[in-house]
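K.L.:
Chain residues, written in single-letter form:
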Amino acid sequence: DQQVKQNSPSLSVQEGRISILNCDYTNSMFDYFLWYKKYPAEGPTFLISISSIKDKNEDGRFTVFLNKSAKHLSLHIVPSQPGDSAVYFCAASANTGNQFYFGTGTSLTVIP
Amino acid sequence: DVKVTQSSRYLVKRTGEKVFLECVQDMDHENMFWYRQDPGLGLRLIYFSYDVKMKEKGDIPEGYSVSREKKERFSLILESASTNQTSMYLCASSNIRGTEFFGPGTRLTVL
Chain A
2 DQQVKQNSPS LSVQEGRISI LNCDYTNSMF DYFLWYKKYP AEGPTFLISI
52 SSIKDKNEDG RFTVFLNKSA KHLSLHIVPS QPGDSAVYFC AASANTGNQF
102 YFGTGTSLTV IP
Chain B
2 DVKVTQSSRY LVKRTGEKVF LECVQDMDHE NMFWYRQDPG LGLRLIYFSY
52 DVKMKEKGDI PEGYSVSREK KERFSLILES ASTNQTSMYL CASSNIRGTE
102 FFGPGTRLTV L
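Read top to bottom, the protein sequences are chains A and B.
To convert, count from 1 in the first sequence and add 1; that's my numbering.
To convert, count from 1 in the second sequence and add 1; that's my numbering.
Be aware that one or more of the hints could be misleading.
Stated by the list, open to error - Derived DEER-like restraints, expressed as beta-carbon distance ranges:
| id | chain 1 | residue 1 | chain 2 | residue 2 | range |
| --- | --- | --- | --- | --- | --- |
| 1 | A | Gln-15 | B | Met-55 | 30 to 40 Å |
| 2 | A | Leu-12 | B | Ile-61 | 19 to 29 Å |
| 3 | A | Pro-41 | B | Thr-84 | 20 to 30 Å |
Stated by the list, open to error - Using 25 Å as the maximum straight-line C-alpha spacing, the simulated DSS-like pairs for lysine-lysine come out as follows:
| id | chain 1 | residue 1 | chain 2 | residue 2 |
| --- | --- | --- | --- | --- |
| 4 | A | Lys-6 | B | Lys-58 |
| 5 | A | Lys-38 | B | Lys-19 |
| 6 | A | Lys-38 | A | Lys-55 |
| 7 | B | Lys-56 | B | Lys-4 |
| 8 | A | Lys-38 | A | Lys-69 |
| 9 | B | Lys-19 | B | Lys-58 |
Said to hold, decoys possible - Rough simulated footprint, nothing fancy, chain A against chain B, three-plus residues with beta-carbon under 8 Å:
| id | segment |
| --- | --- |
| 10 | 42-52 |
| 11 | 99-108 |
By construction, these hints were calculated from the structure, which means they are not laboratory data.
All figures in this text were calculated on a predicted structure; none of them were measured in a lab.
We treat Cβ as the ideally placed atom computed from N, Cα and C, and that holds for glycine.
Could you build the full structure based on these sequences and the hints that come with them?
P.N.:
Next comes the structure, spelled out in structure tokens:
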């Protein structure tokens, strides 16, 4: 059973506009969340994280929002750039273990 | 910078062959992981290890085994490769509950 879900397999956005990638989870024990970016034929690279004690974390053009009551997090990229075109994975872990659970990914295309 | 390296970027094997995928990390991380990535399925955990000689099954361990004889090295073994094991294999390492850092991946094709 998929504990972390990314319901949009793909997303297209115009350059300069905001990209919003969504992620839902089912396990209420999850308290630490990551976003990764993956280019074809490369390993995922860490982008940004958030722990459950916060509801927002910002790093340059990337902001992650966490809504614990809705078990939902989102990644905002603004302004979007063509180099942001990649697959984005969200991941979650619980304080009871070392394992991260990954979503199925959202492929973002930023159109110049 | 954390560095996770994988022995091969591309590998082609025949059905029934034994396949070894090697992963090395240089940051003294306790945890190491093997995933496979398939279109529409995201990253699925095969095995992980939280200490030398320790291993835990992930979500899809069938058809795979692992070995961790040294802290920095985590090997994934396909005892008898099958065509449904054609995939991108990703190794990662982390400190306890830390961010996982990934290697570049190995694209394995089983003919």
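K.L.:
Hint by hint, where does the structure go against what was stated? Just the numbers, ascending.
P.N.:
1, 5
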